[in-house]
Amino acid sequence: MTKILKIKDLVTNFYTYEGVVKALNKVSFHVNHGATFGLVGESGCGKSVTVRSLMQIVQSPGVIEGGQIHFSPDPENESISIDLLKQSESFMQDLRGNQISMIFQEPNAALNPIMTIGEQIGESYYFHRKRQIIEKILKLDTDPNNPFPEIKVNRLTKPLYHIALNHPDSFLFKLLKKIPVLKKWDNGILRTAVEKSVELLATLGIPNPEKIVHQYPHNLSGGMKQRVVIAIALASEPVLLIADEATSNLDVTVQAQILDLLNELKKDKIISSILLITHDLGVVAETCDRVGVMYAGNLCEVGNVRQIFDNPKHPYTKALLASVPKVKQTGELNSIAGNVPNLVNPPSGCRFHPRCDHVMEKCKQAFPPTSQIDGDHHVACYLYN
Amino acid sequence: MEKILELKKLKKHYPILGGVLRRQVNSVKALDGIDLTINRGECIGIVGESGCGKTTTGKAIIKLHKATSGKIIYYPKAVSSPGIDITRLSSSKQRKIGLTGKMQMVFQDPTTSLNPRMLIKNIIAEPLRTQGRISSRQLHEKVINLLNLVGLTKDHLLRYPHEFSGGQRQRIAVARAIATNPEIIVLDEPTSALDVSVQAQILNLLKKLKNEFNLTYIFITHHLLVVKYISTRIVVMYLGKIVEIANTEALFANPAHPYTFALFSGIPSTDAKDISNRIVLTGDVPSPINPPQGCRFHTRCPFAMDICKKNLPDLAPVNNNSQHRVACHRSREVPDLIQATFGNT
Ligand SMILES: Nc1ncnc2c1ncn2[C@@H]1O[C@H](COP(=O)(O)OP(=O)(O)OP(=O)(O)O)[C@@H](O)[C@H]1O
Ligand SMILES: Nc1ncnc2c1ncn2[C@@H]1O[C@H](COP(=O)(O)OP(=O)(O)O)[C@@H](O)[C@H]1O
Ligand code: SF4
Ligand code: SF4
Ligand SMILES: [Mg+2]
Ligand SMILES: [Mg+2]
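Note that the protein sequences, when read in sequence, are chains A and B. Just so you know, we're using our numbering here: the first sequence kicks off at 1 and counts up by one. Just so you know, we're using our numbering here: the second sequence kicks off at 1001 and counts up by one.
Hints may be right or wrong, so weigh each one.
What the hints assert, rightly or not - Using 25 Å as the maximum straight-line C-alpha spacing, the simulated DMTMM-like pairs for lysine to aspartate or glutamate come out as follows:
id: 1; chain 1: A; residue 1: K326; chain 2: B; residue 2: D1271
id: 2; chain 1: A; residue 1: K328; chain 2: B; residue 2: E1042
id: 3; chain 1: A; residue 1: K326; chain 2: B; residue 2: D1306
id: 4; chain 1: B; residue 1: K1207; chain 2: A; residue 2: D280
id: 5; chain 1: B; residue 1: K1228; chain 2: A; residue 2: D310
As the list claims (entries may be wrong) - Here chain A is said to cover these stretches of chain B; the calculated rule only asks that three of the stretch's residues, wherever they fall, bring their Cβ under 8 Å from a Cβ of chain A:
id: 6; stretch: 1164-1171
id: 7; stretch: 1191-1197
id: 8; stretch: 1201-1207
id: 9; stretch: 1278-1285
Since the hints were made in silico from the structure, they are not lab data. In this text, a Cβ means the ideal position worked out from N, Cα and C, and glycines have one as well.
All chains should be built: construct the whole structure from the sequences, respecting the hints.
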């Protein structure tokens, strides 16, 4: 299996008034092509900072201070790889929302309140798939059953479509666009994009998509809005979809719908690789192939989902799993004594040591190296070293 | 079993004002007539999705807001009377018969429920002062005692809420709630804002206190597994109505309402064996401003029939068991329907 993403020794700090928040302390993991990788942990452990570092959208007092992020978009050839931390901002801008799409917890923040749903998904389509649409329009022009009758490709605009397709950056094209009659030349494409968004919404199981595209975000419920956000993210056909707590604000029955949807889209190959961030272990168990468990800025354990859930090795993973109420639970719930540490002054050595039942002297001295348990299963703990 | 509280046809409608005259144009039917008997010393769980009226119920019980109609009858231990309808009791009358502080509430968000400008010692002492006269020495001792009960120490007395973690703040909120020797505590999502590892600490603490002081809990949550752990009886609500009520084991073993099934199967589970045969509902919870006619769940129910759209089902016993009640026209067939439609659950 080839890897789409390899993160190595990522370090991100926040320079706040209180002191330096050591949010990520050498985080390493990889995501496979065509697979879903889950990153779990309690709030503040650094899940969001990890993906924000990866996209290079860390908020202001934050600085990425070390590590490598290798991105290999081609599933056939892993060696074509770029280190995202070495790329320019304009390169990253192009990458975000194009090859890598993100969806967040709060759909309202991602949607424009004064644009219709159709316009928003359409815009994403238009932006990322202009070429494809133009090709189709030119082909359909000769088709008597043109499904886009509103797009009039006449003698005047036809050359323009050809130029837009073949020389989009040419000086001639820029000049032509300035001519008043040609200014709105791409209206047809835009409308086609809206039509495409109806199709996409239907795929995502939204009832009456042809009505929904004309509505505004405030007309929709939380679950519907999150689907629209997913639709916008998918419109660009990303090779990697990042979902950061995308279902955490939804009711269980609606969360179940969205998780079901992600699994379906995955099965139908509409989405290929997913990086899923959540604090809910159950969500990971139901959607992911591999999982990484984070604690206080460290990755403690990583492996195949069933390895981690059925045979956890790291004391934190074990304690975390034991503190989740379960369907077949009887008797006491296990709790972990103490609290998640403040990352301005994280505990020395293994950051879990003040709460660990198996703590040894060396745990307090230095951070434990990562050891392989078997195959894909790795753990950072002295008990296995 | 001795009853402690009885809700009778309890309703709470929030008015929606509109137009230039700010007249009432409609209302949010947050709580639309519920009947419920709560026994002394039990922990009754109230579950349901966001907006179904859980918090509204809790607030009505502790009289944070006035119910629109219906009765809340309280049978206090100290007063041997046939019960007092507290919806009609003025606060001075309440004080006179010694009911002040007998019902307390712990809220979901420990950050906003504690006054950020008050010292911990004053936060905990406040309800004690309003309850009646108490010497400052006694007060001090009592506060330290309460802190110890919830796993904090007297070193924490002179600190402000922001100096504590979420879990510790929730401990402080619990200490304040038990300060007045209440009989009933309404716990509104007391662990939802906490991390799972800390949630378990608070749940264990609540269990311990309940046994120690013979408290009655009304435990509100959207998380079925959390109530399963702490409650002996569970009430499932949907859009301002009770749709099912049963003892915890019975509810988990034989859920009779399709919505309860859906809630169960919505819980993402870490257990490999649980991941199969689930019912995933379509659509979202309808607006409580204009709730659906008939059975309120019919817009999302996979088994809805014509009668469901017309008639509101009664909360009726399941298999003549008066402890287990369900509001569904097809409750008898539901287990078979689920089996036939979604495989073996
Ligand atoms: N003060 C208010 N004014 C108007 N409507 C209100 C008010 N408080 C609550 N509501 C509405 O009443 C309904 C029930 O609200 P309630 O707070 O009881 O829900 P809940 O079950 O506690 O939900 P959650 O799980 O989100 O806390 C909701 O539709 C809510 O929007
Ligand atoms: N903008 C910021 N300024 C200062 N500290 C931050 C900022 N964003 C995140 N942090 C800190 O980084 C750590 C990890 O945060 P985050 O990745 O958001 O956690 P989560 O795992 O819940 O997504 C936390 O200690 C948090 O306080
Ligand atoms: S390294 Fe030491 S302190 Fe850390 S988890 Fe392992 S045993 Fe516990
Ligand atoms: S009454 Fe009808 S609509 Fe309501 S839950 Fe039962 S079967 Fe479904
Ligand atoms: Mg986060
Ligand atoms: Mg509430």
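Tested hints:
no.: 1; hint: A:K326 x B:D1271; verdict: holds, 8 Å
no.: 2; hint: A:K328 x B:E1042; verdict: holds, 22 Å
no.: 3; hint: A:K326 x B:D1306; verdict: violated, 37 Å
no.: 4; hint: B:K1207 x A:D280; verdict: holds, 24 Å
no.: 5; hint: B:K1228 x A:D310; verdict: holds, 23 Å
no.: 6; hint: 1164-1171; verdict: holds (count 3)
no.: 7; hint: 1191-1197; verdict: holds (count 3)
no.: 8; hint: 1201-1207; verdict: holds (count 3)
no.: 9; hint: 1278-1285; verdict: holds (count 7)
Taken one by one, the earlier hints fail for this structure only at number 3.
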